[in-house]
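Q: Using the working numbering, read the sequence shown as starting at 1 and increasing by one per residue.
Because the hints were derived from the structure by calculation, they are not lab data. Each hint should be verified, as a subset may be incorrect.
To be verified - Straight line, CA to CA, 25 Å or less: simulated DMTMM-like cross-link-like pairs of lysine to aspartate or glutamate:
id: 1; residue 1: Lys90; residue 2: Asp181
id: 2; residue 1: Lys108; residue 2: Asp52
id: 3; residue 1: Lys102; residue 2: Asp157
id: 4; residue 1: Lys50; residue 2: Glu137
id: 5; residue 1: Lys160; residue 2: Asp181
id: 6; residue 1: Lys50; residue 2: Asp157
id: 7; residue 1: Lys176; residue 2: Glu137
id: 8; residue 1: Lys108; residue 2: Glu23
id: 9; residue 1: Lys108; residue 2: Asp125
id: 10; residue 1: Lys42; residue 2: Asp52
id: 11; residue 1: Lys50; residue 2: Glu173
id: 12; residue 1: Lys24; residue 2: Glu44
id: 13; residue 1: Lys42; residue 2: Asp181
id: 14; residue 1: Lys160; residue 2: Glu173
id: 15; residue 1: Lys176; residue 2: Glu152
id: 16; residue 1: Lys160; residue 2: Glu174
id: 17; residue 1: Lys140; residue 2: Asp188
id: 18; residue 1: Lys160; residue 2: Asp115
id: 19; residue 1: Lys24; residue 2: Glu137
id: 20; residue 1: Lys90; residue 2: Glu137
id: 21; residue 1: Lys90; residue 2: Glu151
id: 22; residue 1: Lys176; residue 2: Glu164
id: 23; residue 1: Lys42; residue 2: Asp115
id: 24; residue 1: Lys176; residue 2: Glu23
id: 25; residue 1: Lys140; residue 2: Asp3
id: 26; residue 1: Lys90; residue 2: Glu23
id: 27; residue 1: Lys102; residue 2: Asp89
id: 28; residue 1: Lys140; residue 2: Glu23
id: 29; residue 1: Lys102; residue 2: Glu164
id: 30; residue 1: Lys140; residue 2: Asp157
id: 31; residue 1: Lys108; residue 2: Glu173
id: 32; residue 1: Lys140; residue 2: Glu49
id: 33; residue 1: Lys102; residue 2: Asp188
id: 34; residue 1: Lys108; residue 2: Asp181
id: 35; residue 1: Lys90; residue 2: Asp157
id: 36; residue 1: Lys72; residue 2: Glu137
id: 37; residue 1: Lys42; residue 2: Glu23
id: 38; residue 1: Lys108; residue 2: Asp157
The structure displayed is predicted, hence computed values, not measured ones.
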Amino acid sequence: DKDSILAFRTNAWGTRNMGLISEKYHIPTVYSSTGSVYMPIKGEMPITEKFDCTGNSNYACSKRLGELFLVKHALPWIILRYGHLYGRDKRFHGLIGGYLSKIRMGEKPVLMGGDQTNDFAYVLDVAMANYLALIAEWDKWQQIYNIGTGEEISARDAGKMVCEAVGYTGGVEEVKSRSVDPQRFVYDVS
1 DKDSILAFRT
11 NAWGTRNMGL
21 ISEKYHIPTV
31 YSSTGSVYMP
41 IKGEMPITEK
51 FDCTGNSNYA
61 CSKRLGELFL
71 VKHALPWIIL
81 RYGHLYGRDK
91 RFHGLIGGYL
101 SKIRMGEKPV
111 LMGGDQTNDF
121 AYVLDVAMAN
131 YLALIAEWDK
141 WQQIYNIGTG
151 EEISARDAGK
161 MVCEAVGYTG
171 GVEEVKSRSV
181 DPQRFVYDVS
């Protein structure tokens, strides 16, 4: 499938190439990864950086391969595993961006499942995490950090918050949850 190949080329092979250059020229690398590498989640909540990583999608597996290449080749590195991102540049993507996009187009937002939970991370907070990683002291490098809030919010509640924030009172289309989404997802951000 075309998307699988693109994900591999970009996230795995592209990161491998960056890792080799980082190693050769001793350039610090901050890698934007994803909490999807933890899927399917094996363990009790909250998710720590010690959880098993296997990935249950092409995207998650390609990001995990990128991580593994960096750990092997790049010096120094920091890996940031983001929670469920939302914000201005995430239009049309994810629960919050999807809701807002549908509402703006005059359509009903789509709720996939509803009871599953997530750790929602605002893009400006993630940008700050990246900045802090770049200026981190050397004892903070060669580590993986979960980037989220440590707050667990259900998809249904997050959708209601979005509707309330923009004054939307129309209905919501409910469909089955996706197989790649975990029932619970919240980070230990300590």
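Q: Take the hints in turn and mark each one as holding or not.
A: So, going through the hints one by one against the coordinates:
Of the supplied pair hints, the one linking Lys90 and Asp181 holds, its CA atoms being roughly 18 Å apart against a limit of 25 Å. Proposed proximity of Lys108 and Asp52 is contradicted: the alpha carbons are some 37 Å apart, above 25 Å. With a CA separation close to 17 Å, the supplied pair Lys102 and Asp157 stays within the 25 Å bound. For the given pair, Lys50 sits about 22 Å from Glu137 by alpha-carbon distance, which is consistent with the 25 Å threshold.
In summary, the hint linking Lys160 to Asp181 is supported, as the alpha carbons are separated by about 19 Å, within the 25 Å threshold. Straight-line distance between C-alpha atoms of Lys50 and Asp157 comes to about 29 Å, which puts the hinted pair past the 25 Å bound. Restraint check for Lys176 and Glu137: not satisfied, since their Cα atoms lie roughly 45 Å apart, outside the 25 Å limit. For the given pair, Lys108 sits about 49 Å from Glu23 by alpha-carbon distance, which is inconsistent with the 25 Å threshold.
With a CA separation close to 29 Å, the supplied pair Lys108 and Asp125 exceeds the 25 Å bound. Restraint check: the Cα-Cα separation between Lys42 and Asp52 comes to about 7 Å, which is no more than 25 Å; the hinted pair holds. About 37 Å separates the Cα atoms of Lys50 and Glu173, which puts this hinted pair outside 25 Å; it is violated. With a C-alpha separation of about 40 Å, the suggested pair Lys24 and Glu44 falls outside the 25 Å cut-off, and the hint is violated.
For the suggested pair Lys42 and Asp181, the alpha carbons sit about 13 Å apart, so the restraint of at most 25 Å is met. The straight-line distance between the Cα atoms of Lys160 and Glu173 is roughly 13 Å, inside the 25 Å bound, and the hint therefore holds. For the hint pairing Lys176 with Glu152, the CA-to-CA distance comes to about 20 Å; that is within 25 Å, so the pair holds. For the hint pairing Lys160 with Glu174, the CA-to-CA distance comes to about 13 Å; that is within 25 Å, so the pair holds.
Distance hint between Lys140 and Asp188 is fulfilled; the C-alpha atoms sit about 17 Å from each other, no more than 25 Å. The suggested pairing of Lys160 with Asp115 holds, with an alpha-carbon distance near 13 Å, which does not exceed 25 Å. About 21 Å separates the Cα atoms of Lys24 and Glu137, which keeps this hinted pair within 25 Å; it holds. Only pairs whose Cα atoms come within 25 Å are accepted, and Lys90 paired with Glu137 is rejected, the gap being roughly 30 Å.
Note on Lys90 and Glu151: the hinted pairing holds, with a Cα-Cα distance of about 20 Å set against a maximum of 25 Å. Proximity of Lys176 to Glu164 is assessed by CA-CA distance (about 23 Å); at most 25 Å being required, the pair is judged to hold. Straight-line distance between C-alpha atoms of Lys42 and Asp115 comes to about 19 Å, which keeps the hinted pair within the 25 Å bound. Our distance criterion of 25 Å between C-alpha atoms is broken by Lys176 and Glu23, whose separation comes to about 45 Å.
Taking the CA atoms of Lys140 and Asp3, the gap is near 34 Å; set against the 25 Å cutoff, the hint is violated. Proposed proximity of Lys90 and Glu23 is contradicted: the alpha carbons are some 32 Å apart, above 25 Å. Restraint check: the Cα-Cα separation between Lys102 and Asp89 comes to about 16 Å, which is no more than 25 Å; the hinted pair holds. For the given pair, Lys140 sits about 18 Å from Glu23 by alpha-carbon distance, which is consistent with the 25 Å threshold.
A C-alpha spacing of about 15 Å is found between Lys102 and Glu164, which places the hinted pair at or below 25 Å, so the restraint holds. For the given pair, Lys140 sits about 35 Å from Asp157 by alpha-carbon distance, which is inconsistent with the 25 Å threshold. Proposed proximity of Lys108 and Glu173 is supported: the alpha carbons are some 6 Å apart, at most 25 Å. For the suggested pair Lys140 and Glu49, the alpha carbons sit about 14 Å apart, so the restraint of at most 25 Å is met.
Restraint check for Lys102 and Asp188: the C-alpha separation of about 32 Å exceeds 25 Å, so the hint is violated. Proposed proximity of Lys108 and Asp181 is supported: the alpha carbons are some 21 Å apart, at most 25 Å. Only pairs whose Cα atoms come within 25 Å are accepted, and Lys90 paired with Asp157 is accepted, the gap being roughly 19 Å. At most 25 Å may separate the alpha-carbon atoms for a hinted pair to count; Lys72 and Glu137 meet this at roughly 21 Å.
Restraint check for Lys42 and Glu23: the C-alpha separation of about 33 Å exceeds 25 Å, so the hint is violated. Simply put, Lys108 and Asp157 have alpha-carbon atoms about 16 Å apart, close enough for the 25 Å limit, and the pair holds.
Consistency with the previously given hints fails for numbers 2, 6, 7, 8, 9, 11, 12, 20, 24, 25, 26, 30, 33 and 37, ordered from lowest to highest.
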